[in-house]
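Single-letter residue listing:
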Amino acid sequence: MALRPFPWPRVVVYAVLVAFALFYLLPIYVLLVTGMKSFQEVNLYRMWDPPVRFSLESFVKAWFGSESQGFRGISGNFWNSVRLTVPATLVSAALGSLNGYVLSKWRFRGADGLFTLLLFGMFIPYQSILIPLVQVLSRVGLYGTITGLIFVHVVYGIPITTLIFRNYYATVPGELVEAAKIDGAGILGIYRHVVFPISMPAFAVVMIWQFTSIWNDFLFGVIVTPRPAVQPVMVALNNLAGSYIVEWNVQMAGALLAALPTMLVYVILGRYFMRGLLAGSLKG
Amino acid sequence: MVQIKSLVTTRWGNGRWRLRNPDRVIAVLLVLPSLVVIAVFVYGFIGFTAFASLTRWDNLVPDFSFVGLENYVRLFNTQRFQIDLRNTVTFTSLFLATSLALGFLLAVLLDRRIRVEGIFRSLYLFPLALSFIVTGVVWRWLLNPGSAELGSTGVNLLLDTVGLGFLKTGWYTDPRIGIKAVVIAAVWQMSGYVMAMYLAGLRGIPEELREAALVDGASEFQVYRHIVIPLLHPITLGALIILGHISLKIFDLVVAMTGPGPGFSSDVPALFMFDTTFRGNNFAQGAGIAVILLVMVAALIVPYLVYSLRTEVQR
Chain U
1 MALRPFPWPR
11 VVVYAVLVAF
21 ALFYLLPIYV
31 LLVTGMKSFQ
41 EVNLYRMWDP
51 PVRFSLESFV
61 KAWFGSESQG
71 FRGISGNFWN
81 SVRLTVPATL
91 VSAALGSLNG
101 YVLSKWRFRG
111 ADGLFTLLLF
121 GMFIPYQSIL
131 IPLVQVLSRV
141 GLYGTITGLI
151 FVHVVYGIPI
161 TTLIFRNYYA
171 TVPGELVEAA
181 KIDGAGILGI
191 YRHVVFPISM
201 PAFAVVMIWQ
211 FTSIWNDFLF
221 GVIVTPRPAV
231 QPVMVALNNL
241 AGSYIVEWNV
251 QMAGALLAAL
261 PTMLVYVILG
271 RYFMRGLLAG
281 SLKG
Chain R
1 MVQIKSLVTT
11 RWGNGRWRLR
21 NPDRVIAVLL
31 VLPSLVVIAV
41 FVYGFIGFTA
51 FASLTRWDNL
61 VPDFSFVGLE
71 NYVRLFNTQR
81 FQIDLRNTVT
91 FTSLFLATSL
101 ALGFLLAVLL
111 DRRIRVEGIF
121 RSLYLFPLAL
131 SFIVTGVVWR
141 WLLNPGSAEL
151 GSTGVNLLLD
161 TVGLGFLKTG
171 WYTDPRIGIK
181 AVVIAAVWQM
191 SGYVMAMYLA
201 GLRGIPEELR
211 EAALVDGASE
221 FQVYRHIVIP
231 LLHPITLGAL
241 IILGHISLKI
251 FDLVVAMTGP
261 GPGFSSDVPA
271 LFMFDTTFRG
281 NNFAQGAGIA
291 VILLVMVAAL
301 IVPYLVYSLR
311 TEVQR
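Line by line, the protein sequences give chains U and R.
Here the first sequence stands for residues 1 to 284, where the numbers follow our numbering.
Here the second sequence stands for residues 1 to 315, where the numbers follow our numbering.
Worth flagging that the hints you see were computed from the coordinates, not collected in a lab.
C-beta atoms are modelled at their ideal positions from N, C-alpha and C, and glycine is treated no differently.
Just to be clear, a hint being listed does not mean it is correct.
Partial list, derived from the structure: chain R residues whose beta carbon lies under 7 Å from chain U [said to hold, decoys possible]:
no.: 1; residue: I26
no.: 2; residue: L29
no.: 3; residue: V42
no.: 4; residue: F51
Looking at chain U on its own, in the form it has when it is part of the complex (with noise of 0.2 Å):
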């Protein structure tokens, strides 16, 4: 049996596999060549050659802006992001698990058909909620501010954070619960005691799923946050790379900026980036 597994000539799956390789990989490419090239040898023309001279002009001008030709860095704009990004996954991940831990070792009557109910908000285009979140938001002052941002990543953040942790906790073996009980363990202890310490694998994967998508949200950061100040990177990433006035290759260099925090995740971590991208899937 051994003798003909595979029909098809090695050489052909590996030529395939490594064609497609180069087509993912070729973006990356110039996007990192272009970045690196100086002033002078930056040329549209010559997009795909290497640079002769390593420079970094184009990173220092997409970070720090130009005066002379006006425009703002996305430097503040990063640091927005970092400082909306950690807490909004924390409090998500702190949620997501006490949500999961209820729904999954505590189940009411009516708590899956309310799981499902909650599930939707994870699908739903935030066009439906737009335009009354910026009414509620401004009428309680949150508008316009990285607050407002972090609250509402959090709120729509419910769904799928639930729905990883209660996915996970559905591995762990309801006996281990009871034993809990007996022992006269409450709720609160028992999550405490039993359930947390045993939940890293499941807060790894919520945080980095949840780190990514705040991080490359663009669509409730350029509707709460008007102000350039104020907005995450994406939008002023978006801003950037919009302006006629900024060099294709600035642009370039800010997009990978942007992009460094979420590719660091995914080169460190991306064992629990995959899983968790599994986990979107519903069904784990």
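Once you've looked at the hints, dock chain R against the given chain U.
This is chain R only, laid out in the frame that chain U set:
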């Protein structure tokens, strides 16, 4: 009052009230904030948007006088919206078909005991870590056709270099291509996801099953056709749902890459909604577009959610 009280409390022999099962109450209290917030910020807000779409609120000052379906009638008679709906159908069908086919192909190839499988897998998945804005910015330059006088740029330049110059096109600057150019960038970003889902699925199929069929004289193709692909149906469905809802509401990628394009050739409803509402201040009209978007997504998602819940209960 006593009735409500008796739901959560019980009277002990000594006459003191005591919580019947405090844990059950705490359980509800723990999820209550999330449920309330979702009830208001998802369902309440959707209700408000639907209501706003039936009013005359067409400037910064809210005007809630009821006009019935007038906004929807006007919307469906608006050329931009008609083009948007066509673009959504084109984008969604091309994006889903290409991503599923490519994802499946890569998963099948990677499942053949490839030496450096991990490296290939990481490369294919890599774009998923990026924002649609970053993807849009990069692909805007890659698919920038250049000009006849000054020469080709981006992908066209690459085609020239490798002798495939006859394949050059105007990409998103050509109204006949428009949104189809955005499909390329979207497939680049999302097909790795489909690959990962299929690969996980393939790994879940017992090796013996395939080997038994091969021993029985089935060809490799027949094994895929009659055993592997049917077993992967749930994954195909999941991928269709996930990519489908992303595709219907696509916004960021179009904003960063092309904008509405010449003759709205790359415009989508989400972008039209944004322009109408937040640039044009025509809130009622914007709400109408949002409701139509929601209905399209719900038509895809709700049956799937109900189906998922049912099969879960059966388990």
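Right, here's what the structure says about each hint:
| no. | hint | verdict |
| --- | --- | --- |
| 1 | I26 | 5 Å, holds |
| 2 | L29 | 9 Å, violated |
| 3 | V42 | 4 Å, holds |
| 4 | F51 | 9 Å, violated |
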